[in-house]
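From first to last, the protein sequence lines are chains Z and A.
One gets our numbering by counting positions in the first sequence from 1 and adding 2 to each.
One gets our numbering by counting positions in the second sequence from 1 and adding 384 to each.
These aren't lab readings, by the way, just hints derived from the structure by calculation.
There's no promise every hint is true.
Dumping the calculated SDA-like pairs for lysine to any residue here, alpha-carbon to alpha-carbon at most 20 Å [what the hints assert, rightly or not]:
| # | chain 1 | residue 1 | chain 2 | residue 2 |
| --- | --- | --- | --- | --- |
| 1 | Z | Lys285 | A | Ala699 |
| 2 | A | Lys731 | Z | Lys276 |
| 3 | Z | Lys276 | A | Asp508 |
| 4 | A | Lys768 | Z | Arg262 |
| 5 | Z | Lys260 | A | Arg765 |
| 6 | Z | Lys209 | A | Thr711 |
| 7 | Z | Lys260 | A | Pro503 |
| 8 | Z | Lys158 | A | Pro713 |
| 9 | Z | Lys276 | A | Ser507 |
| 10 | Z | Lys209 | A | Pro713 |
| 11 | Z | Lys209 | A | Asp714 |
| 12 | A | Lys768 | Z | Pro268 |
| 13 | A | Lys731 | Z | Thr338 |
| 14 | A | Lys640 | Z | Thr136 |
| 15 | Z | Lys276 | A | Gly762 |
| 16 | Z | Lys260 | A | Gly778 |
| 17 | Z | Lys158 | A | Lys731 |
| 18 | Z | Lys276 | A | Glu763 |
Distance windows between CB atoms, simulated [said to hold, decoys possible]:
| # | chain 1 | residue 1 | chain 2 | residue 2 | range |
| --- | --- | --- | --- | --- | --- |
| 19 | A | Glu763 | Z | Lys53 | 35 to 43 Å |
| 20 | Z | Asp143 | A | Thr624 | 43 to 51 Å |
| 21 | Z | Asp29 | A | Arg777 | 25 to 33 Å |
| 22 | Z | Thr194 | A | Ser629 | 37 to 45 Å |
| 23 | Z | Thr14 | A | Pro776 | 39 to 47 Å |
The beta carbon of each residue, even a glycine, is placed where N, CA and C say it ideally should be.
Listed here are the chains, written in short residue letters.
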Amino acid sequence: MAEAPTVSYAPTEELDLIRSTARQYLDDQFDSETVREFMMSDDGFDRSAWKELAGMGWLGLLVGEAHGGAGLSPTEMGVLMEEMGRSVMPGPFFASAVLATCLINEVAEDGEAADLLESLASGEIIGTVAAYETPRGWNLDDVATAATGDARVSGKKRYVLDAHMADLILVLADTGGGVGLYAVSPGDRGVTVEQVPALDPTRRIGKVRLDNVSARRIGSGDSTDAIERAIALGSALLANEQVGGCAAAMEMSVDYAKTRYQFGRPIGSYQSIKHRCANMLLKLEHAKSAAYHAVRVTDDEIEFSIAAPLAASVASEAYTWVAGENIQVHGGIGFTWEHDAHLYLKRAKASSLTLGSPQFQRHLLGEALEI
Amino acid sequence: MSQADEARVDALVDELISEHPPQGTDNVEFWGAQYDKGLAWVWHPEGFGGLGLARKYQRRINSAIENAGGTTENRYLNLLGIAMGAGVLDAHATDEQKTRWLRPMFTTEEIWCQLFSEPGAGSDVAGLSSRAVRDGDEWVVNGQKVWTTLAHISKWGMVVTRTDAEAPKHHGLTYFIVDMEAEGVDVRPLYQITGEAEFNEVFFNDVRIPDANRIDAVGAGWRVALTTLMNERVAIGGNTVPRSSGQIGQALEVWKSSNSNDAVLRDQLLHLWAETEAARLTANRANEMASAGIPGPEGSTGKLAWANLNKEIAAFTVDMMGLEGTTYPDGYELTRPESFERHGPQKSFLRTRANSIEGGTSEIMLNILGERVLGLPGEPRVDKDLPWSEVPRG
Ligand SMILES: Cc1cc2nc3c(=O)[nH]c(=O)nc-3n(C[C@H](O)[C@H](O)[C@H](O)COP(=O)(O)OP(=O)(O)OC[C@H]3O[C@@H](n4cnc5c(N)ncnc54)[C@H](O)[C@@H]3O)c2cc1C
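Given these sequences and hints, build the entire structure.
Structural data, given as structure tokens:
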């Protein structure tokens with residue numbers, strides 16, 4: 003088993019700047035009222051907000067400079083995701099600027115699909131990934147959607163993030179010799195997209211039906227390893243988002259425990275509440291460590307194969323626990339629609355299943371550790 | 385003795401069923417006849433829906449009615465009235481009051497709600513601040529209640545008010561039954577994390593309540609409130625339920641339909657099944673002891689156990705569903721349900737979060753177990769003997 007490498011987690015000036023810029027912008031532009039407007043709207047987001055994100059340079063953070071992006075690393079993106087998690091940022095940012103972008107970055111060969119990366123970075127298009135077909139089909143072996151040699155793709159994809167808003171759908175399909183990546187657009191002949199009501203209404207999902215669609219292949223041969231790596235990057239970044247949500251939920255509890263009085267005392271003076279808040283901190287700090295570690299070791303193949311599922315498992319469980327207990331600390335008010343606690347609970351639960359349940363992530367971990 | 389009672393009950397049930405065959409009879413009419421024969425709350429005195437017999441006969445009556453095709457769903461339609469209000473009236477009300485309220489409560493012609501919690505007083509409900517001031521034969525009430533389940537369809541509300549702000553908090557309370565249609569009662573929906581509004585906020589603006597609607601003495605409100613809460617917790621935690629029903633039943637359905645053979649999920653499911661079964665057997669044991677008049681600690685654990693289990697099982701069920709668990713088939717259209725229906729797993733995941741809050745939080749239930757059942761010393765209390773008006777409120 004590989005020795006764990008030593009990594010520095012101290013924030014650099016650059017990371018601090020990304021964090022403070024993001025915090026300010028999100029507090030301003032995505033306060034709870036705005037998040038709720040998007041949450042209750044048909045699409046869950048809109049194009050003008052998308053253009054603004056492009057203007058911030060965020061959509062191309064992971065796109066190379068040659069293609070109009072910022073060419074930054076997962077570490078920087080991790081900070082941005084964490085801040086977005088705090089705000090329960092709605093819309094297809096994760097689907098497009100993280101998942102779709104990582105897939106193309108990992109799978110495309112020598113300058114291939116440069117046009118797509120450029121359009122993703124500029125915000126001209128929204129991308130997403132159609133990966134899964136069955137409720138627990140996180141394993142790429144489960145991909146049944148089939149592609150022919152001339153890139154005609156047929157199958158039924160489900161749980162596709164923000165499919166209804168996407169201009170570019172990256173389909174994982176079985177080539178007969180491993181999984182390949184295929185680009186389609188919703189307007190192509192044979193493609194039907196349908197939004198499905200989501201547990202987390204700030205991040206939508208949909209069904210994508212592909213009926214002998216003439217697609218554009220990205221990459222060649224068996225792309226399974228590259229696709230797995232892209233999804234692992236997505237998991238590591240999603241873990242950073244979960245850390246942000248987890249921190250915000252904990253802070254809500256702590257603030258409330260200090261100001262809510264029952265029996266003539268602040269409820270935070272009761273050990274039952276105080277210790278729960280302290281346990282929230284414990285889980286949050288662990289999730290942070292795992293998530294920060296994962297985005298810093300992406301270039302170390304062996305370590306990353308351990309660190310990504312570790313982060314996904316630890317952060318998912320921390321966030322779902324903290325978001326649930328946050329409701330308990332608030333009592334009745336925490337169970338209401340008007341209070342923000344439920345936004346975090348829904349995001350926590352849904353995101354813990356999006357790219358593989360904690361149990362599935364530990365299965366990956368076991369493989370990486372050869373246990 | 386007990387055989388004679390059994391025979392008497394059985395004869396009355398037979399009579400009820402033959403005079404009012406459940407299939408051909410309107411529910412309200414059937415429940416009315418059931419009440420008149422003393423088969424509604426069999427332990428109540430004769431004339432008030434009972435026969436003055438032991439509680440245990442009620443189960444016999446209910447199953448006989450259900451076997452004959454009758455329904456006992458009035459218990460769900462008017463949950464707060466039948467499970468809690470009836471017990472309060474039985475223990476504290478005058479005969480006139482019982483005569484006025486019990487029958488239409490049982491027939492569900494009049495729905496009841498419980499107006500205890502306030503924005504500033506939840507766990508510490510005795511700290512509430514809605515004021516009632518006497519004015520001749522009436523009381524004038526001002527204040528705000530919150531989380532009032534089903535207030536929007538209720539005719540009557542059980543309300544606790546403060547009638548003396550200078551007494552220590554438990555001693556300055558008085559209990560009334562308020563007409564929810566009276567002038568000055570304003571009911572507004574409060575939506576829950578599921579998108580539904582089972583509960584409400586209720587505002588009282590100079591609402592006049594006749595003194596005839598006062599339950600028990602002026603200043604005795606806390607005693608009556610405790611009866612209400614005891615009945616509530618028994619109603620939530622003390623039910624005898626069939627094996628593999630409720631939340632664990634739903635988990636079993638999801639497991640079966642998934643055709644999974646995942647050993648980890650199977651073990652987690654069986655772990656939760658075992659915990660549920662132990663809680664179920666505990667409720668059965670507690671019920672038997674209670675009808676024999678020997679209440680023990682097993683009677684106090686039910687609400688806590690069901691709250692924990694419901695939450696854990698519902699969350700696990702969504703996990704079992706994997707990505708399907710990230711859908712929400714009903715959508716979040718803000719709606720107002722009229723009764724308590726069964727939810728799909730995703731909605732259950734959200735709804736069960738309230739199980740450890742409603743009817744007394746799990747923290748408070750643990751305090752009760754620790755202090756009242758185990759006799760452990762209480763936490764420091766700053767508010768108990770202070771005049772209510774001097775208690776710190778943050
Ligand atoms: C779905 C639902 C339906 C309801 N229906 C009704 C109804 O019909 N009628 C009605 O009157 N009320 C109703 N309630 C209200 C319910 O009884 C209260 O929410 C509950 O008693 C808690 O009060 P609170 O919400 O003010 O929380 P708080 O009392 O403010 O509690 C906040 C947190 O502090 C903890 N806490 C408080 N005191 C202590 C202590 N001493 N030691 C340790 N921890 C403590 C609590 O456990 C909780 O975790 C309902 C609530 C819900 C969620």
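Quick rundown of the hints versus the structure:
For a cut-off of 20 Å, the pair hint linking Lys285 (chain Z) to Ala699 (chain A) stands: about 19 Å separates their Cα positions. A hinted pair counts as satisfied when its Cα atoms are at most 20 Å apart, and Lys731 (chain A) with Lys276 (chain Z) does not qualify at roughly 29 Å. For a cut-off of 20 Å, the pair hint linking Lys276 (chain Z) to Asp508 (chain A) stands: about 18 Å separates their Cα positions. Between Lys768 (chain A) and Arg262 (chain Z) the alpha-carbon distance is near 18 Å, which keeps this suggested pair within the 20 Å criterion.
Only pairs whose Cα atoms come within 20 Å are accepted, and Lys260 (chain Z) paired with Arg765 (chain A) is accepted, the gap being roughly 17 Å. For the hint pairing Lys209 (chain Z) with Thr711 (chain A), the CA-to-CA distance comes to about 11 Å; that is within 20 Å, so the pair holds. Distance check on the hinted pair: Lys260 (chain Z) and Pro503 (chain A) sit about 16 Å apart at the alpha-carbon level, within 20 Å; holds. Proposed proximity of Lys158 (chain Z) and Pro713 (chain A) is supported: the alpha carbons are some 19 Å apart, at most 20 Å.
A threshold of 20 Å between alpha carbons decides the hint, and for Lys276 (chain Z) with Ser507 (chain A) the separation of about 16 Å falls inside it, so the pair holds. Restraint check for Lys209 (chain Z) and Pro713 (chain A): the C-alpha separation of about 14 Å stays at or below 20 Å, so the hint holds. Between Lys209 (chain Z) and Asp714 (chain A) the alpha-carbon distance is near 17 Å, which keeps this suggested pair within the 20 Å criterion. This hinted pair checks out: Lys768 (chain A) and Pro268 (chain Z) have alpha carbons roughly 15 Å apart, not beyond 20 Å.
Pair hint Lys731 (chain A) plus Thr338 (chain Z) holds up; C-alpha atoms about 14 Å apart against a cutoff of 20 Å. Taking the CA atoms of Lys640 (chain A) and Thr136 (chain Z), the gap is near 16 Å; set against the 20 Å cutoff, the hint holds. This hinted pair checks out: Lys276 (chain Z) and Gly762 (chain A) have alpha carbons roughly 17 Å apart, not beyond 20 Å. Between Lys260 (chain Z) and Gly778 (chain A), the direct Cα distance comes to roughly 9 Å. Compliance with the 20 Å bound is thereby established for this hinted pair.
For the suggested pair Lys158 (chain Z) and Lys731 (chain A), the alpha carbons sit about 26 Å apart, so the restraint of at most 20 Å is broken. Distance hint between Lys276 (chain Z) and Glu763 (chain A) is fulfilled; the C-alpha atoms sit about 14 Å from each other, no more than 20 Å. As the Cβ distance of Glu763 (chain A) to Lys53 (chain Z) is approximately 56 Å, the hint placing it in 35 to 43 Å is violated. Here the CB-CB span from Asp143 (chain Z) to Thr624 (chain A) is close to 47 Å, well matched to the stated 43 to 51 Å.
Between Asp29 (chain Z) and Arg777 (chain A), the C-beta spacing of about 30 Å keeps the proposed range 25 to 33 Å intact. The given range of 37 to 45 Å is respected by Thr194 (chain Z) and Ser629 (chain A), whose C-beta atoms sit roughly 40 Å from each other. The hint said 39 to 47 Å for the Cβ distance between Thr14 (chain Z) and Pro776 (chain A), and at roughly 46 Å that hint holds.
Checked against the numbered hints above, the structure violates hints 2, 17, 19; every other hint is satisfied.
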